[in-house]
Amino acid sequence: MDITLKEITKIFQAKDKSETVAVNDFNITIPSGKLIGLLGPSGCGKSTTLYMIAGLLTPNHGRIYFGDEDVTDMAPEDRGIGLVFQNYALYPHMTVRQNIMFPLENIKVPKEEALKRAQDMADLVGIGELMNRKPKQLSGGQQQRVAIARALVKKPRVLLLDEPLSNLDARLRLATREEIKRIQRETGITTIFVTHDQEEAMSISDEIILMDLGIKQQVGEPQDVYDEPKNLFVAKFLGTPPINLMPGEIKNKQVLIRGSKVTGKAAKNQEVVVGIRPEGFEIDPNGIMELEVYMVETIGRDTTLIIKNFNDSAKSYRIIVDARHRIKPGDKVKFNIESDKIFVFNRETGERL
Amino acid sequence: MDITLKEITKIFQAKDKSETVAVNDFNITIPSGKLIGLLGPSGCGKSTTLYMIAGLLTPNHGRIYFGDEDVTDMAPEDRGIGLVFQNYALYPHMTVRQNIMFPLENIKVPKEEALKRAQDMADLVGIGELMNRKPKQLSGGQQQRVAIARALVKKPRVLLLDEPLSNLDARLRLATREEIKRIQRETGITTIFVTHDQEEAMSISDEIILMDLGIKQQVGEPQDVYDEPKNLFVAKFLGTPPINLMPGEIKNKQVLIRGSKVTGKAAKNQEVVVGIRPEGFEIDPNGIMELEVYMVETIGRDTTLIIKNFNDSAKSYRIIVDARHRIKPGDKVKFNIESDKIFVFNRETGERL
Amino acid sequence: VQFEEDPYEVDCDEYPNHVSCLDNNGGGAIDGAPGIINVLDALPNEPVTITFWHVYGESKGALLQEFIDEFEADYPNVTVEAVSQGDYTTIRNNTLNAITAGNTPTMVVGYPDHVAGYLKGNAVIPLDDFIYDENYGVDLDDFIESYLAENKQYAGGYMYSFPYSKSTEMMVYNKDKFDAAGITVPTDRVITWADLDIWADTMVDPNYTVGSNDADSCQYLINFDSSSNFFINSVRQWSGGYTNSDGDILVDNQNTIDMLNYVKTRFADNTFSLPLAWNESYGSNNFIAGDVCMSVGSTAGINYNIPPGGEFEVGVVPVPQYDLDSKSAVQQGPNVAIMSNTTDAERLASWLLITYLTKAENTAAWAMETGYLPVRHSGVQSADYQAFLEIDSPTDSLYYSSLAAQAAYAQYEYFEYDPAFAGAVTSSDARFQAGVAMEALFGGYSAQEVIDDMVRQLGA
Amino acid sequence: MLERQNNLKALFYLAPAMVLLSVFTFYPLFNAFFLAFLRDYEFLLRSAKGFTLFGNFKNVITDPDFGIAMKNTSIITFISVPISVIIALLISVALNSVKKLQGAFQTIFFLPYVTNAIAIGMAFAFIFHADYGLLNTILGWFGINPINWVGLNASWSNAMFALLVYTIWGGLAFKIMVFLSGLQSIDKQYYDAARVDATPRRRVLTKITIPLLSPMIFYITVTSFIGAFKAYRTIIGMFGETLRPPGTLSKDSLITIVGLVYDALAHADATGKMSEAAAASIILFSITMIFTLVQMQISKRRVHF
Amino acid sequence: MQNTIRETRIRTILFKVLVYTFLVGFAIFVLIPFYWMVLTSLKSFQQVRTEVPPSLIIGLKDIRFLENYASAWNAAPYYQYMLRTVAVAAISTTGTIFTTIFAAFAFARLNFKGRDFLFLALISTMMIPGEMFVITNYITVSNLGWYSPLGQTQTEAFLALTMPFMTSVFYLFFLRQAFKQIPDELYLAAKVDGTSDWKYLWKIMVPIASPTIITIVILNAMGTWSAYIWPKLVATEYPLVTNGLREAYQDFFGMVNYSQQMAAALIVTLPLLIVFMFLKKYIMRGVSRSGIKG
Ligand SMILES: Nc1ncnc2c1ncn2[C@@H]1O[C@H](COP(=O)(O)OP(=O)(O)OP(=O)(O)O)[C@@H](O)[C@H]1O
Ligand SMILES: Nc1ncnc2c1ncn2[C@@H]1O[C@H](COP(=O)(O)OP(=O)(O)OP(=O)(O)O)[C@@H](O)[C@H]1O
Ligand SMILES: [Mg+2]
Ligand SMILES: [Mg+2]
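Residue numbers (the numbering used here), protein chains in the order written: chain A, 112 to 464; chain B, 112 to 464; chain C, 3 to 462; chain D, 9 to 313; chain E, 10 to 303.
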């Protein structure tokens, strides 16, 4: 069952009448059975969007459809939704087991089966031993896992996950997200997954949606969005370390940075912002760009060169190179730039050229 | 001021008398003015450790020293601590401004100055516009930032951060953690930082502590720990994608996997676990190990080869290679293994050999 | 708490007026001043403040205050703080507490059994020394005898209280109905229960609907406002015995049973009734509404029985008697006592106030306004009061009060008061149970059940 | 809560209340306890003959009304408390769930608290009046013959029914206010979670609201039980000093244990009566205490803090 | 599917109807005596006395508003009594609020020796009928010199009227329950923010528990407003409103002018109702607990 949001707008009004536009004219169709990653900076309206889909918030404007059905006025309890709240919202007076079983009891799953399903789900997220504890007696990550189990256990029609893994360690996170993905695949639940972890979003999502300031920025398959950002926001938002942005200009279909051509672009002459992904640099003694290395960081398996004082002393750039290159701070290194890792944006609108 | 934990043990006792050993005989000295990353799987006792340092929990056993001073029995409010709670713990009835100013009022900072400092701190974490909102009116990430601002604003003697960035997007996260690092450097506050993000832990920590099941596993500079894991747990825990573990054996000082030698090791013959970091594989037509590629994933800037059915059909291995290598699923590829990316562990104790 | 071997062995040198130090001569009279209280020759010149606890609400309280104001004008150095304590139960409880706290008012209004209780705490003084004092004494002969007797029934026969506000019962009847039924209620003799039986035959209509106000019939012939008084009066008339001042309950005998059985039959044939018949505490509403032809109630409550719009004429006569040879009418109403925790000056000032309040013209004035009766013969005889008794114009606002007072005086030969006793069972309890007994009888219980319950409750 | 003990600080915070309580509650309490063991105590003289262990208790227990009082007290307690707590709970929850007219309803439900006692008495007399009372009128619609609730010679059970209605009515306002203030401190998030989990309304009530309100329910239950064990004023209010329907005898009395205490107190001037009042209080105290302890024990498992 | 919405809507409407019916039903039940009070206060003395059965409505022309209310108002110096009652209520409520807040805090948040026992001891004091205290307290107040039937000063009267009511186990227990509902996390957060217990209490606990505190204020003020026995006992010359109300209409013959009495009762009740209406919004405006996970 696909989910369609039509011109959804949500405005919060505070007591003093000041308004916050949390979601602004949002249009999207989430294809049936897909897992969609919802990304965007903090406060951009992700949770609000999920809550509207869940029916906990009512949009000020616009309609929401599950399949062909207009559910805008449907009560949350009738929507068949599983939701992991960003702040868990575990029932404090229930044990882990009771928390997980709660949705099952609501739909009158026989006790025996409910117990089993709850236990299975808890085992899956690694809290099978803690079934008799109260939420207060759990660590943050354990609580989060209870929340996940509670949302998944009833096999909802639509699954909404609001940063469900933020408090888990990397390994558990990987395992859990793969479990979620697996369950989602097997059952074909349409799923929306809010996360701040790009790697996570990109690796499990069929598509990702990028939001900013309540407005949809780009939708597409993760790699496509990464490879072809539509605007500066998207380019900046995706990628760790983030893309390196430099002021440049287009002159005669050539993109120039500090006067030297880095790539070509069929566009009229103008001031632009040029973005180059950290991995888009190739060390080449004949490279077109010479940069002085300010610092070298080796984290885990990566070696990052940090460039400072390139054009703006406050800014620093990051270049990821193969660890084999033995580069020391102070070295001047020449680079070529891979053309598919370089993007040019209108300096005013941020639109990609 | 350095912090010393001496033989700290914390046992939670539930109503039914069942006990959970959250922290077990923990010994460590955190050098003055350093930023220490505390890592470990969910539920391993990180928060508990922080709470004991803060004085919110009393250890069942052991002493805690700030410098030479035994603070084990000191009240939390006298310890001069800043703490970002994993669950924020914002005061629900106060506005953002009041929340941030609260610690300043406690130390009787003049109103004017307090207002300014609160505003500055809020601006720093990007919530300067939201000062008049109540926590309820904020997004998850915004709440978390209020919590950070509140902990930092009073420039505490000791700063304890419990997954302070888990709900922030990558960019904000980077920016915030760098701000934290900067403030920490400038003021020399001894800081403990709990995070699940290894990259984060490794990039900002002067040292990292690894915990598991309430027990300290390894302490050291991040890269050292990564490069020289003391035991299987540490090796497994650090690194994304995680290290590839294969059963192997030592025979005549040779480490064998499925009979073929991968490296040497001066140890007596035994069954071992061999760990190879994903980035430790080098494509080499004459490589010592031939593997069939099951899947190729390109996420952002990385290309990951996924190997299945190597020796255990349930397990898959991940190899990260340079994106230049055009490899398709089904290809059989030969690898050499970098000797500093391969670790050998006792199969029983998990100790590194 | 102090422990004493026997609290009844009071040091009589120290407490010469304690109840235990007095001979109980069975309510006999004491002649002359016993010399227990030191009566000052004159009020000192320093200011004296006395506190007077009473039970009077706004209107009676205001009237009392007028007397006090006059009194204070006569004795400029005396200040009287008159405070209403609400009702009799409250004043008694508050006074008991005050005694225990050693923090009493100077004088209180109360029933004899209250005073008998206070006496156990050595808290009231005998007034005899004042009564017989040359300067300040009063002529006891001027007081209505039964009032004096009531106040002398304490141990030792001393007067620990002094008559103050007295009332009795009278009967009202609906003249119009009687006229319509062709019956004349005799005013020259006491009505008997036999009369009632005869009238009931004509006037009680078994099919009477409440509120219909038939011209010549009623639902019940006669109502008794106070079931306690009804019981006590009746039991006396039937020589059933009630209680004595030792607190013995004397009702468990055949006479009482007979009386109750008789009353029960009269309840059954609607001759007699209690306000309970209409779920009321008093019968006045239903009397006015015409549901009952006659009603017995307190003289002080006469005005409640008068139809406000003058819908019918009301006659007032003495209470009917069963047996003309042993007539009985209750005499009730509080007395006043002076507390012992006081100075001689305060005592004297209090006594002066008491005598002032009971002065002939004052007791008469008080009586006319409140519906109580004067405590002194001279009050009754006073010109004002005599004029009051002679009011015969129904338009006069005091007309009915006057009728009530006349009825009262018609029966003052046979005023009877409740023996006062305090202790685990008080005379108030006995009176309360008497009422309960009558009501239960009305409710359908048998005479024996009622008596048994009464005896059981009074722990005889 | 911090795990560490801090007796001094606690003392500081407890001191104001404790000083006042010591003077005006504990001291009188011990005083009262003490009296129960005095022999032939003279209240007015504050003197006694010595001590007795059970003498006063024996007097209370052998009182013919004691058994009746015990029966009435238990019935009032165990019927009125559960019913009124449940009704108050339902009303508060309903009230909390509506938007329109909420303020008006709240005011209405508070009214019993400010309504003059005499008016209440009159109104209930009207409600229960056998001939034209509201209740019998309503029953009449269903073809039920008029019942003599509190009138002349009304049966004990009818009178008790009326008393229970009256008691329940009288207790609603306070309970509703307490529950409302308690409901306010429940995080709305739990209701969101419950809705998403498709929880039927009844289950929201029983599984979310009630457990989360349990501290207040506990409070109300404990204090209501204590209050009901002490029932007396309501009976006076309804039946006057006789404590029973008019025209009945003591076996139909609705007297309670506190009624016995009052009875004894009303004779404070009689030898030993104060001690009996104290002894009756202690008997009541013991029963209530046992019951409260049981409740606390149960609440340990049921009350979620 | 569209059906579900309709069904839900119908269910919701049905449920609403049910809820409102329930509320209205009980509202009527609760209102009867109050309505009675208003009704009686508007009837003539005559009507109240003689009507059988009493009428449930009253014709416009039968209303005796002015008559009853004016004479009720004049029956006692209510204005003066109210002022005094307000003062007494203000003092004792302030006292009660402070002492119970402190003690409830200790019981809800502090860890000290014998806490549970002490708490039980406090609760147990509620199990003794209040009149057992009255006598001793009366003696105490007398011994303290705050009361004497002879010449009590205004100050002494206030002391006697307020001091025994400056704290209350009943409200202490209530507040402790409310305090216990506040998440521990906030206490911990405040601690590391360097907050003293004192400040935490006033800045965090009290604002969050404000619905309960307001409730206590209302209930306690109400208690003073209807206090009768104690003022009667220890402040004979400084009556409070209820004393005024009761005594103005005390009569030994049950022939109270109910109309006027009810009018007076309403006059006396009105200020309280106004205060309640003003405060009740604070009860309903709870503090939403967000910003705490779990
Ligand atoms: N109050 C408690 N009662 C019982 N057990 C508890 C309590 N608090 C924590 N624990 C247990 O102690 C262990 C350590 O908890 P802690 O919160 O320190 O973990 P953590 O390392 O912070 O985990 P996370 O990363 O998930 O937050 C966990 O297993 C947890 O379940
Ligand atoms: N109740 C509210 N009243 C006013 N503003 C609100 C309210 N709830 C949310 N907002 C604002 O709406 C915007 C969107 O909030 P939302 O919770 O959807 O953000 P988000 O994308 O989930 O952020 P995060 O990643 O930080 O959780 C934010 O700016 C937030 O401050
Ligand atoms: Mg969010
Ligand atoms: Mg934690």
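There's no promise every hint is true.
Claimed, not checked - Restricting the straight-line Cα-Cα distance to at most 30 Å, the calculated cross-link-like pairs of lysine-lysine (DSS-like) are:
| # | chain 1 | residue 1 | chain 2 | residue 2 |
| --- | --- | --- | --- | --- |
| 1 | E | K25 | D | K196 |
| 2 | D | K215 | B | K126 |
| 3 | B | K426 | B | K372 |
| 4 | D | K215 | A | K247 |
Note that these hints are calculated values from the structure, not bench results. All figures in this text were calculated on a predicted structure; none of them were measured in a lab.
Hints and how they fare:
no., hint, verdict
1, K25(E) x K196(D), "20 Å, holds"
2, K215(D) x K126(B), "22 Å, holds"
3, K426(B) x K372(B), "21 Å, holds"
4, K215(D) x K247(A), "18 Å, holds"
Checked against the numbered hints above, the structure violates none of them.
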